[in-house]
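Q: Residues per chain are reported as follows:
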Amino acid sequence: MEYHFDVPVSNEDIRKLKVGDIIYVSGKIFTARDEAHHMMLEKDNISFDPSEMALFHCGPLMKKENGKWKVVSAGPTTSSRMEIFEDKFIEKYGINVIIGKGGMGERTEKALQKYGGVYTAYTGGAGALAADRVEEVLGVYWLDELGMPEAVWIFKAKEFGPLVVAIDSHGKSIYRDIK
Amino acid sequence: MENESIEDGIVALIKKAETDLSSDVVNALKKAHKVEQGIAKTQIETILKNIDLARKSGRPMCQDTGIQTFFVSIGIDFPYIDKIKEWIVNGVKKATKEVPLRPNTVDPFLGKNHGDNTGEQIPYINWDINDGTDVKIISFPKGGGSENMSKLGMLKPGVGIEGVKDFVVEEMIKAGGNPCPPTVVGVGIGGGADLSLKLGKKALLRPVGIRHKDKTIAAIEKELIERINKSGIGPMGLGGKTTVLDVHIEKAHRHPASLPVGIVVQCWADRRAEMIIHSDGTWEVK
Chain E
1 MEYHFDVPVS
11 NEDIRKLKVG
21 DIIYVSGKIF
31 TARDEAHHMM
41 LEKDNISFDP
51 SEMALFHCGP
61 LMKKENGKWK
71 VVSAGPTTSS
81 RMEIFEDKFI
91 EKYGINVIIG
101 KGGMGERTEK
111 ALQKYGGVYT
121 AYTGGAGALA
131 ADRVEEVLGV
141 YWLDELGMPE
151 AVWIFKAKEF
161 GPLVVAIDSH
171 GKSIYRDIK
Chain G
1001 MENESIEDGI
1011 VALIKKAETD
1021 LSSDVVNALK
1031 KAHKVEQGIA
1041 KTQIETILKN
1051 IDLARKSGRP
1061 MCQDTGIQTF
1071 FVSIGIDFPY
1081 IDKIKEWIVN
1091 GVKKATKEVP
1101 LRPNTVDPFL
1111 GKNHGDNTGE
1121 QIPYINWDIN
1131 DGTDVKIISF
1141 PKGGGSENMS
1151 KLGMLKPGVG
1161 IEGVKDFVVE
1171 EMIKAGGNPC
1181 PPTVVGVGIG
1191 GGADLSLKLG
1201 KKALLRPVGI
1211 RHKDKTIAAI
1221 EKELIERINK
1231 SGIGPMGLGG
1241 KTTVLDVHIE
1251 KAHRHPASLP
1261 VGIVVQCWAD
1271 RRAEMIIHSD
1281 GTWEVK
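If you read the protein sequences in the order shown, they are chains E and G. Numbering of the first sequence is given in our numbering, commencing with residue 1 and proceeding in unit increments. Numbering of the second sequence is given in our numbering, commencing with residue 1001 and proceeding in unit increments.
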C-alpha cells in the first residue's frame, strides 16, 4: 500500500502501516546523527518540539546563500549507529516516524512496538533527490559545537519519499525476514 | 604554468567524481533495474533518478561526499613534481566551497571538524611513479557508510582459496544493507595486513563489469558475485537479487604463514574521475 501523510502522523495511521508499505511525508523533519542523539538525551530543555516532526538519520550537505541555508544533498546515513540511543530517544521525545537506511535492531523494534512508531528506509545515497523535496530550512541547532553533518537541521519537506516501511509497530522487520 | 589553473582543474576533477557517475556503474544499475521487482525495483529507480538529477543540477549525488582520496601516477619527467601535493590540497579546499562538499574531516581526539576536508594525512594521496612526462590523478571520494564495512581477515593458510571465498561471502552477508547495496566489493589477497586492504581499495578502481585478466581469478570473481547475490539482501538490504554490482580481486604474494584478505566495500555511488596534467601545465578531466 502507498500512503501520503502530513507530519505529525496520528497513532491510528501509524498502526495501519505494515512492513513493505510505501509512504511519503510532508511537514517538519529534523536530522540527528550519533552526536545529536547523545546530546539530546542529556539535555532537558531544547527549544524545538521533536514530537511534531519526523526524525531523519542524516548528515546533510548544506550551503548558505544570501544569508539563508539551502540543502544541497541530504540522503540518509547508516541507522545502525543510532541503535544504542534510539529506544530512549523514542521514549523521551515521542518520535513515531524514523527515516534512515540499512535497518535497526531489536531495541528499536521493541520501542516502536511499545510506543507506536515506524522505521522507514529512504534509498541510501539518493541525496540530490532528497534535497529536492525540502522546501525550506527552518532552523539549525548546535552547528558550532557539532559541525555541519552532526548538527540538528530542521527541514520543511514536501512529499518526502518513497519511504519503505522497514520496521512496523507490530514487531515486524524487513531486515530480520531477509536474514 | 599557472598554479591557479591546475587547482581549478582539481576542483573540476572532484566535481566530476561527485556529480557524474561513470557509465560502467550506471549501466550496471540499469541492468539491475531490469531484473528487480517490487521494493528492490523502486530502490534502483530512485538511485537512477538521483544520478540523473545530480548530473543535470551539478550537485553531489550523495550528501556524504567522502574522504577525499586520490591515486596519483607521476611521470618521472614531469617538471613540477614538487607542486602536485599543494595543488591537490588547495583544490580540495576550493572544491569544499565551490562544489560544495560536506566538511568531513574530524579530529579523532577532539571531535573537531577541520571544516575544509583537509587535516592530518588528509586528503589521502596514494603515490605511484611511472615513465613519461604526464601526471594522472584519479579522484576517488570514499563515503563512510561503505568504508565502515571494510574487513581484514588474517586467515590460516590451510583454509585455502575456498576459505577466502567463504570469508568474503560471510562478511558481505553480515554487512547487510549498511554499505548502501548494490555495492562494488574490492578484495585484496596476500601481501600483509596493510597491503591486502590497499589492494582491496585499488581493486575498486577497475571499471564495473571488467574481469581480472587471470582466468582463474576472473572465475572466482564471478562465483563471488553469484554467491553474494543469492543471499537475497538486495538493494539497500530491503530484499532482492542485486546485492553487488561487481567483485574485483587483486593479489600479492604472501608470507608462508599468512593469508591476509582485505575487503573494501564501495556503495553504489562508485565515484571515480580522472585528470591528466601535461608537462606544459595544461590539463583535462574525464
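Simulated from the structure, these hints should not be mistaken for laboratory data. Be careful, since some hints might not be right.
[Said to hold, decoys possible] Which residues of chain G face chain E? A few of them, derived with a C-beta cut under 8 Å, are:
1. His1033
2. Pro1079
3. Gly1177
4. Lys1230
5. Ile1233
Glycine residues also receive a C-beta, built at the ideal position from the N, C-alpha and C atoms.
Q: Each hint needs a verdict: does it hold in this structure or not?
A: Checked hints:
Below 8 Å, beta-carbon pairs count as interface contacts, and His1033 (chain G) has none with chain E, the closest being about 13 Å; its hint is therefore violated. With a cut of 8 Å, the hint placing Pro1079 (chain G) at the interface with chain E is violated, because the nearest CB-to-CB distance is about 37 Å. A hinted interface residue such as Gly1177 (chain G) counts as satisfied when its beta carbon comes closer than 8 Å to some beta carbon of chain E; here the least separation is about 4 Å, so the hint holds. Because the smallest distance between the Cβ of Lys1230 (chain G) and any Cβ of chain E comes to about 12 Å, over 8 Å, the interface hint for this residue is violated.
Using the Cβ-Cβ criterion of 8 Å, the hint placing Ile1233 (chain G) at the interface with chain E is satisfied: the shortest such distance is roughly 6 Å.
In terms of the numbered hints stated before, the structure departs from hints 1, 2 and 4, listed from lowest to highest.
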